[in-house]
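Undergrad: The whole structure should be built from the sequences, with the hints applied where relevant.
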Amino acid sequence: MSDAIKPGSETPSQAAGLPQLSVVVPTFNERDNVTVLYRRLDATLKDIPWEVIFVDDNSPDGTWTVVRGLARQDPRVRCIRRVGRRGLSGACIEGILASSAPYAAVIDADLQHDETQLPKMVGLLQNGEAELVVGSRYIEGYRAEGFNKQRAGASAFATEIARRSLQVEIADPMSGFFMIRRDRFEQLAPQLSTQGFKILLDVVATAQGKLRTVEVPYTFGARQHGESKLDSMVALDFLGLVLAKLTNDVISLRFLMFAMVGALGLLVHLVALFIALEVFHAPFPEAQATGAIVAMTSNFILNNFLTYRDQRLKGIAILRGLLLFYLVCSVGLLANVGVAFSVYDQEPIWWLAGAAGALMGVVWNYAMSGLFVWRRR
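Under the numbering used here, the first residue of the sequence shown is numbered 40, with each subsequent residue one higher.
Hints are computed from structural coordinates only; laboratory data are not their basis.
Calculated lysine to aspartate or glutamate pairs in the EDC-like style (CA-CA distance at most 16 angstroms, straight line):
hint : residue 1 : residue 2
1    : K249      : E168
2    : K159      : E254
3    : K85       : D113
4    : K159      : D86
Fair warning: this is a prediction, and the values are worked out from it, not measured in the lab.
TA: Okay, structure coming up:
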């Protein structure tokens, strides 16, 4: 077993007042659910010292205000309010790293996960049988009350891709309900992606089979209130995470998203160029400039909506960001051409020179966009 996953000496403290289990709950627009979940945890964990950490992405419905109200009544309740960043995976990472118990569980606030399984999961970690316990939808004993056929089919398909491409052995790496030893998680945390929604898949893939894992069945309930944190972009997040892990995290998920948007931008450029030439009969220089502007504009919109949606520009900031993006991409085009010419002078192979220039362009645009257009404030 490698040093990265080697068991540590940390043991659960039995001292009075110190939590044995930290329950991390990522939230967004869940104000109607958090109090219900808190009461369920209080009833279920009556024999286990516990704390609950709600990590809220600055919910417009004021979820964080409800959590703070609970925290004033019960010191076991904590609130992390994140401003200017979004994403379930990042919220889980921050919550677990902020926890104080030797064991950390991740559970949704939508009341669909079965909190009554938490004591059993703690027991599996305490007795050393497991370092990671997963609430699984694909083993005997699982029941679903709130999982429609379409969502179930998509989840099963994604699970099969993950298991085959990343050599993940567990039955349900896409689960959002799990418990892990905090010391193991802390060793893996620097290699985890803060983007996307599939934190468990990231943990399991990063551990490379060196976490002792047990899966337990549970009852998947129906959503009571609020909105699902899964949107139409989850598929792209999932694809990006798989690709990032296949490259041993040499390429980040965000860079892959940026590059995919750039590839789509090339198609947009060619379509706009064709329309300008064939429909409007514009001279080639004007048509090429039109195609470039249309492509840069579409790239900006898609990157703002997809790649940087946790730092999404709004209001007047969109116009400022668009102008900066034009500037960044213009310089990136010069870098692209310069590198391509340099490579072609050394080795006159057109596709090699073109690929080198394109790579330089996308790296430049990605680096400068993160620095100037979507910089964290």
